[in-house]
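> Top to bottom, those sequences are chains X and Z.
The opening position of the first sequence corresponds to residue 213 in my numbering, with each subsequent residue numbered one higher.
The opening position of the second sequence corresponds to residue 213 in my numbering, with each subsequent residue numbered one higher.
Where hints are given, some of them may not hold.
Just so you know, same-sequence chains aren't split out, so a pair can sit in one copy or run between any two.
[To be verified] Taking lysine to aspartate or glutamate and the EDC-like style, the derived pairs with C-alpha atoms no more than 20 Å apart in a straight line are:
no.: 1; residue 1: K268; residue 2: E527
no.: 2; residue 1: K546; residue 2: E534
no.: 3; residue 1: K460; residue 2: E507
These aren't lab readings, by the way, just hints derived from the structure by calculation.
Protein chains: 2
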Amino acid sequence: MIIDCHGHYTTAPKALEEWRNRQIAGIKDPTEMPKVSELSISDDALRESIETNQLKLMKQRGSDLTIFSPRASFMAHHIGDFAISSTWAAICNELCYRVSQLFPDNFIGAAMLPQSPGVDPKTCIPELEKCVKQYGFVGINLNPDPSGGHWNSPPLSDRHWYPIYEKMVEYDIPAMIHVSTSCNACFHTTGAHYLNADTTAFMQCLTADLFKDFPTLRFVIPHGGGAVPYHWGRFRGLAQELKKPLLKDHLLKNIYFDTCVYHQPGIDLLTRVIPVENILFASEMIGAVRGIDPETGHYYDDTKRYIEGSTLSAEDRYKVYEGNARRVFPRLDKALKAKGH
Amino acid sequence: MIIDCHGHYTTAPKALEEWRNRQIAGIKDPTEMPKVSELSISDDALRESIETNQLKLMKQRGSDLTIFSPRASFMAHHIGDFAISSTWAAICNELCYRVSQLFPDNFIGAAMLPQSPGVDPKTCIPELEKCVKQYGFVGINLNPDPSGGHWNSPPLSDRHWYPIYEKMVEYDIPAMIHVSTSCNACFHTTGAHYLNADTTAFMQCLTADLFKDFPTLRFVIPHGGGAVPYHWGRFRGLAQELKKPLLKDHLLKNIYFDTCVYHQPGIDLLTRVIPVENILFASEMIGAVRGIDPETGHYYDDTKRYIEGSTLSAEDRYKVYEGNARRVFPRLDKALKAKGH
Numbered sequence: 213m214i215i216d217c218h219g220h221y222t223t224a225p226k227a228l229e230e231w232r233n234r235q236i237a238g239i240k241d242p243t244e245m246p247k248v249s250e251l252s253i254s255d256d257a258l259r260e261s262i263e264t265n266q267l268k269l270m271k272q273r274g275s276d277l278t279i280f281s282p283r284a285s286f287m288a289h290h291i292g293d294f295a296i297s298s299t300w301a302a303i304c305n306e307l308c309y310r311v312s313q314l315f316p317d318n319f320i321g322a323a324m325l326p327q328s329p330g331v332d333p334k335t336c337i338p339e340l341e342k343c344v345k346q347y348g349f350v351g352i353n354l355n356p357d358p359s360g361g362h363w364n365s366p367p368l369s370d371r372h373w374y375p376i377y378e379k380m381v382e383y384d385i386p387a388m389i390h391v392s393t394s395c396n397a398c399f400h401t402t403g404a405h406y407l408n409a410d411t412t413a414f415m416q417c418l419t420a421d422l423f424k425d426f427p428t429l430r431f432v433i434p435h436g437g438g439a440v441p442y443h444w445g446r447f448r449g450l451a452q453e454l455k456k457p458l459l460k461d462h463l464l465k466n467i468y469f470d471t472c473v474y475h476q477p478g479i480d481l482l483t484r485v486i487p488v489e490n491i492l493f494a495s496e497m498i499g500a501v502r503g504i505d506p507e508t509g510h511y512y513d514d515t516k517r518y519i520e521g522s523t524l525s526a527e528d529r530y531k532v533y534e535g536n537a538r539r540v541f542p543r544l545d546k547a548l549k550a551k552g553h
Numbered sequence: 213m214i215i216d217c218h219g220h221y222t223t224a225p226k227a228l229e230e231w232r233n234r235q236i237a238g239i240k241d242p243t244e245m246p247k248v249s250e251l252s253i254s255d256d257a258l259r260e261s262i263e264t265n266q267l268k269l270m271k272q273r274g275s276d277l278t279i280f281s282p283r284a285s286f287m288a289h290h291i292g293d294f295a296i297s298s299t300w301a302a303i304c305n306e307l308c309y310r311v312s313q314l315f316p317d318n319f320i321g322a323a324m325l326p327q328s329p330g331v332d333p334k335t336c337i338p339e340l341e342k343c344v345k346q347y348g349f350v351g352i353n354l355n356p357d358p359s360g361g362h363w364n365s366p367p368l369s370d371r372h373w374y375p376i377y378e379k380m381v382e383y384d385i386p387a388m389i390h391v392s393t394s395c396n397a398c399f400h401t402t403g404a405h406y407l408n409a410d411t412t413a414f415m416q417c418l419t420a421d422l423f424k425d426f427p428t429l430r431f432v433i434p435h436g437g438g439a440v441p442y443h444w445g446r447f448r449g450l451a452q453e454l455k456k457p458l459l460k461d462h463l464l465k466n467i468y469f470d471t472c473v474y475h476q477p478g479i480d481l482l483t484r485v486i487p488v489e490n491i492l493f494a495s496e497m498i499g500a501v502r503g504i505d506p507e508t509g510h511y512y513d514d515t516k517r518y519i520e521g522s523t524l525s526a527e528d529r530y531k532v533y534e535g536n537a538r539r540v541f542p543r544l545d546k547a548l549k550a551k552g553h
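Model the full structure from these sequences, guided by the hints.
This is the structure we're talking about:
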């Protein structure tokens, strides 16, 4: 089985975006604020949006199951206040839940949280609990910068975030550390902000002792870990300067990298440098880079081709494709086992 | 000849830091503000600080000439106003000039600029001109975020920066795009802020058409280009989505990467992905990572070992070690030729 641990619902029916635009307009003019009930998307519309997009590509490329969360760039936690984010997160998570019900063999949910800049993260817990308990979601996306590029929240090692971590430990779910749209003109969203956040999150963990407080806490750092594997020597050296343990002991029991790196040399570096136990297959397909690479004739985000093109053994590929995901997402493993997988 | 295009005076005599601390105290209490004349560092002190550090390692490792600029993390453009930065930059640049006079075969200067958040970059031009004309400096360091991690200056493609670019073109000097200390708790200076800035700067250029306005402008992106080479497929794909030319045409006539990547797999990726014409040897020695790698028994920042360990041909090594630096820093080439090199 091939599990893609990083998929977003980037292809939701247009009605979702239209509702969101009305909600954003409603922040300035409350008479414009739409009701949740005014958003109506049929099962057929959901089915079509998935069958003609993600599911089609999954079948073509040969992956089986995607851990599916709301569109990352649309989370836009910087817009409005907690109430705005709360309504929006609930809508987006419910859609992912419905997709997982319509295609139970191919999709399982991960939650976006109703984060809002300056608001205590514990306000996210009711949505998190609903997603885990009622929707059967197996993970969350945690945004280390809900301001959208101004970086004015405390680092991930700060107690500010502990209420979320306590729930993650209680439910045994990991978090993918994933920012949303940048509203800072310096940072292109998918070309700078995403990668910067990955590097930043890793370094926030490196300088701290967060995993002493939460030995079972697990983070997935997406986009191949930002700049981290490429600069693995720098990070090993910085840990050494800071008198931290070796990275394998200090961080690699808790931090995992996905394979959203869109060319063969990048995946080759990732698999050469990072222990295979810490690499989870992912594509973030129909995401930042949707085109065909003229150098290969294949989609940039068809990351399975790069894994197949790497020197990983069959045993190691199993870990990357399935084994590690089952370990990092125990609720996924349980759901699969309940179905006889 | 082996030219290291990225060295900072990280080992300046203690008196420099003491003067700076007094200057910082003087911002709050003007009676504490030291005079420039109160800083006195003898030639012997300069000589010793170089001979026992950079020059010793250059001889041990086998590099000949370092393009030498003030300590990047000490630029701290966010501290005080333009007058503070101006005095501080003048002091730091003069020390690098004196080092280049004491060791003319081994060091040549690159200038820090007296940037200050919110201040028009054209205020930096007198210092830039002094460094080029009087000190014989061959490049500058340009900080895309003088706020130190708040990223509230316009992107590098904005006309805000054009006065600097006009002078760079006039004097035919490149800029290394290099931030300074982060005063944002989210960003570790050398483990996150530096690498993020590298990635950010590249993407700012990718989304814009800056090099149409300045076809001969040249940027060196340090630290191996941040996350860029590792995610080269992503960047190629993003350029494609944005209907930009191929990166080799869009950016690689103007952007260069240094080799400050502190492990063999990283350098192997860099040399595999980036055309050799765009790679300049550098170590940033006695910088962020000063220790010995227990996996190799050698200094992390002894980057020459990685170049030697790569598959580059002798001809390509010449380009990385010398040829490209002469092309990107024409004033360096001229200075070397004047000495018969």
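> Which numbered hints are broken by the structure, listed smallest first?
Result: hint 1 breaks, nothing else.
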